[in-house]
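Enquirer: Taken in sequence, the protein lines are chains G and Z. Residue numbers for the first sequence follow my numbering, so the first one is 1 and each next one is one higher. Residue numbers for the second sequence follow my numbering, so the first one is 1001 and each next one is one higher.
To be clear, the hints were calculated from the coordinates, so they are not data collected in a lab. Possibly wrong hints are sitting among the right ones.
Listed next, the in silico SDA-like pairs over lysine to any residue satisfying Cα-Cα at most 25 Å (straight line) [unchecked claim]:
hint: 1; chain 1: G; residue 1: K557; chain 2: G; residue 2: G368
hint: 2; chain 1: Z; residue 1: K1093; chain 2: G; residue 2: K387
hint: 3; chain 1: G; residue 1: K275; chain 2: Z; residue 2: D1151
hint: 4; chain 1: Z; residue 1: K1093; chain 2: G; residue 2: G467
hint: 5; chain 1: G; residue 1: K311; chain 2: Z; residue 2: R1154
hint: 6; chain 1: G; residue 1: K275; chain 2: Z; residue 2: E1043
hint: 7; chain 1: G; residue 1: K275; chain 2: Z; residue 2: T1068
hint: 8; chain 1: G; residue 1: K275; chain 2: Z; residue 2: T1029
hint: 9; chain 1: G; residue 1: K275; chain 2: Z; residue 2: V1053
hint: 10; chain 1: G; residue 1: K211; chain 2: G; residue 2: V127
hint: 11; chain 1: G; residue 1: K387; chain 2: G; residue 2: L135
The structure presented is a predicted model; accordingly, all values stated were derived computationally and were not measured.
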Amino acid sequence: MDKILRVDVGAEGGPAFREDSLGPYAGLGGRALTSAIINAEVPADCHPLGPENKLVIAPGLLSGTAAASSGRLSVGCKSPLTGGIKEANSGGAGAQVLARLGYAAIVLEGERQGDDLYRVTISTKGVSVEKDNELKLKTNYQLMERFSSVYGKTGAMISIGTAGEMRLANSTVAITDVEGRPTRHAGRGGVGAVMGSKGIKVIVLDGKGTKARQPKDPEAFKDANKRFSEGLRRHPVTGQGLPAYGTNVLTNVLNEAGGYPTHNFREGRFEDAAKISGETQAALITERGGETTHVCHRGCVIKCSGTFPDKDGNFRTKQPEYETVWAHGGNCGISDLDAIAQLDFLDDDYGLDTIEMGVTIGVAMEAGLLPFGDGPGAINLVHEVGKGTPLGRILGSGAAVTAKAFGMERAPVVKGQAMPAYDPRAVKGIGVTYATSPQGADHTAGYAVTANILKVGGDVDPLKPAGQAQLSRDLQIATAAVDSTGMCLFIAFAVLDQPETFQALLDLLNSFYGLSLTGDDVVALGKSVLENERDFNRRAGFTAKDDRLPRYFSREKLPPHDVVFDVPEEELDNVFKW
Amino acid sequence: MHDLHVRCSGSVGWALSALFQRGVLVPVTDGTRLTDFLLISLEIPRADLEERVQTIFLDGRPVDDPATAVMGPGSVVALSASLPGLVGATMRKGGTYASLRSSISHTEGAREEHGGRSGYATLKLFNVLMGELGPALLQRGVMVPASRLLDLLRAGNHSVECSRAEMDGVAVDTDQVLGRLLELEEQPMGLRITTL
Chain G
1 MDKILRVDVG AEGGPAFRED SLGPYAGLGG RALTSAIINA EVPADCHPLG
51 PENKLVIAPG LLSGTAAASS GRLSVGCKSP LTGGIKEANS GGAGAQVLAR
101 LGYAAIVLEG ERQGDDLYRV TISTKGVSVE KDNELKLKTN YQLMERFSSV
151 YGKTGAMISI GTAGEMRLAN STVAITDVEG RPTRHAGRGG VGAVMGSKGI
201 KVIVLDGKGT KARQPKDPEA FKDANKRFSE GLRRHPVTGQ GLPAYGTNVL
251 TNVLNEAGGY PTHNFREGRF EDAAKISGET QAALITERGG ETTHVCHRGC
301 VIKCSGTFPD KDGNFRTKQP EYETVWAHGG NCGISDLDAI AQLDFLDDDY
351 GLDTIEMGVT IGVAMEAGLL PFGDGPGAIN LVHEVGKGTP LGRILGSGAA
401 VTAKAFGMER APVVKGQAMP AYDPRAVKGI GVTYATSPQG ADHTAGYAVT
451 ANILKVGGDV DPLKPAGQAQ LSRDLQIATA AVDSTGMCLF IAFAVLDQPE
501 TFQALLDLLN SFYGLSLTGD DVVALGKSVL ENERDFNRRA GFTAKDDRLP
551 RYFSREKLPP HDVVFDVPEE ELDNVFKW
Chain Z
1001 MHDLHVRCSG SVGWALSALF QRGVLVPVTD GTRLTDFLLI SLEIPRADLE
1051 ERVQTIFLDG RPVDDPATAV MGPGSVVALS ASLPGLVGAT MRKGGTYASL
1101 RSSISHTEGA REEHGGRSGY ATLKLFNVLM GELGPALLQR GVMVPASRLL
1151 DLLRAGNHSV ECSRAEMDGV AVDTDQVLGR LLELEEQPMG LRITTL
């Protein structure tokens, strides 16, 4: 993983590629690398779909190694959805294969010439970039049919569906899973549109002949990986809850807490939550012969994924995650798991972010385009987006644009990006992260619950209401660091509760690279990532006024607890003062 | 009050999700401490309460110290094991991130007391706690609205595992049970599910 593949789509005679050394980016991976390249090489005031923007695809520092749960891939650019810097993160097989092929990153850059589409193929034999206009308006599953024999069981495909090709602000970059299906997505912020703007439809990674990356100290690495894996298996979240129910295990609890955004964030409880909960979903999947415990990439010991069969037992989609079930379910008043599964499949096929799409449909429902609870109507809307009808192009531009088109104030977005599945009025601490993250409203930006282990800002008293900003800052720092390792964020639970598992993670990095990192170094890494991202956004024109929730969250009370978001603006402005 | 006793040859897993996600009724006296309800009424072992039950809601509010929380008829108690995500960690009792949800946390003081009045509290069990605590509760007996029981039995998942049922001490077949439940509508009734 000592080189960067740069594909210049504006080269004379068609796209050309070259391989660069890491240069100033040595020692970086994942989000740290994508954000460093974007901040250094992309003019912050450029148009996201213009020739100056770049798309960076980077595996994490430990991807491609034997380290458990290390297969996350970062995709970075200037976001067409937010106008700021973006790092969208995905599981799937892509990170492992790309790392084993030796690449720290792929950078798509330059000005597309004409309307031709191209495919990039990378193998141990080399790189090719070929024109392939037969791919026009193919969906991700159609691309799978075409290329699965090439990437096979040892490779992966990175692609855009029709949404990315149409350069819609809600469009993803899809990454295939271990079965070769395009079920994993760098979903947030419209990264697919940037890939589409470069005219690259698909990147096929042929994994044949690749081997796991080798650590500098194999014995120490093996020992650390054993301790790390045992820590993940031993923890009740990563060892039991997630494997049994997937992330949708959160539905009942958020609903009970009154923090489950329902009917476009009008209420905090959905009366039919039990019909779409992780417990119900797992029972249905089991009854139909699907899998509730499944990996999204090889080497994951958490196995939070699954397969969702239709009524006849045939594969319908991967087990929808909590945010997907919420966005298309409770947020839209839909309580039919089969309808939600169909929406999940269509999102994957067309290449749409499930959170942005579900929130957009919720906005459309409130606007009166269709009633809340209308599953077939929601499915039709996603087809409109995927096929690029005039209405579909509005919806495919995200929740903020849709609200504007229908003359509505109530767009639950920050920096133009839809809020995820936790109402910030009930859980105000996460509202601080929604407001201040350089990424826009993003629950994963402050997800790595490791702050007290890292002691970024000293110990925090859990029962005192003060300190929301400090906690959010610590969490964002820790998350940025984890996002750079290639580790799944779900490792954070075991790391939080088991200091020895955090030490095992440090030992993995140290034994692989021959380093002697401490917790302080991890904090420094996380801070540097956020500083890069904040610097880019500042130069792109973002100010403190952009670090706010929509004003109606401070005005409209959320039932059942009748709470509003009332974290003082001064506290929000202090999040990044370290 | 009517009672239904179902005897099963195998797992009672078919009943857990349908009953405990929406909640069963458990007798309670006004002014009962939440810890007493959990340890004495529900007979949850103290070690399980401390280690396995990581998140407790009382009337939709996360509880940090069940020893200081007081409940009574009409209260809703929900229990969960460890949960993923920052918000999952936020909901834990007395957890590191409890301050992130301080505006909805349970606090004592606003509750009206009714001088020892008896009635029913609703108990919900989520995720792995259904399987860990639910079978023992069903063995001892809980209360559920007849309509909920009707939905459960109509789903038919019980038929493989359960072959014998008694209503008010008299052996009945499935059709008889369904007919009787239909008449009772929303009335609460006793339910015991035991394994042979």
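Enquirer: Each hint needs a verdict: does it hold in this structure or not?
Expert: Hint-by-hint comparison with the structure:
1. Distance check on the hinted pair: K557 (chain G) and G368 (chain G) sit about 22 Å apart at the alpha-carbon level, within 25 Å; holds.
2. The straight-line distance between the Cα atoms of K1093 (chain Z) and K387 (chain G) is roughly 48 Å, outside the 25 Å bound, and the hint therefore fails.
3. For the hint linking K275 (chain G) to D1151 (chain Z), the alpha-carbon distance of about 13 Å falls within 25 Å, and the restraint holds.
4. Distance check on the hinted pair: K1093 (chain Z) and G467 (chain G) sit about 18 Å apart at the alpha-carbon level, within 25 Å; holds.
5. In summary, the hint linking K311 (chain G) to R1154 (chain Z) is supported, as the alpha carbons are separated by about 19 Å, within the 25 Å threshold.
6. Of the supplied pair hints, the one linking K275 (chain G) and E1043 (chain Z) is violated, its CA atoms being roughly 29 Å apart against a limit of 25 Å.
7. Between K275 (chain G) and T1068 (chain Z), the direct Cα distance comes to roughly 33 Å. Violation of the 25 Å bound is thereby established for this hinted pair.
8. Annotation: proposed proximity of K275 (chain G) to T1029 (chain Z) is violated, straight-line Cα distance about 31 Å (limit 25 Å).
9. This hinted pair checks out: K275 (chain G) and V1053 (chain Z) have alpha carbons roughly 23 Å apart, not beyond 25 Å.
10. Straight-line distance between C-alpha atoms of K211 (chain G) and V127 (chain G) comes to about 18 Å, which keeps the hinted pair within the 25 Å bound.
11. This hinted pair checks out: K387 (chain G) and L135 (chain G) have alpha carbons roughly 15 Å apart, not beyond 25 Å.
In this structure, the earlier hints numbered 2, 6, 7 and 8 are contradicted, and the remaining ones agree with it.
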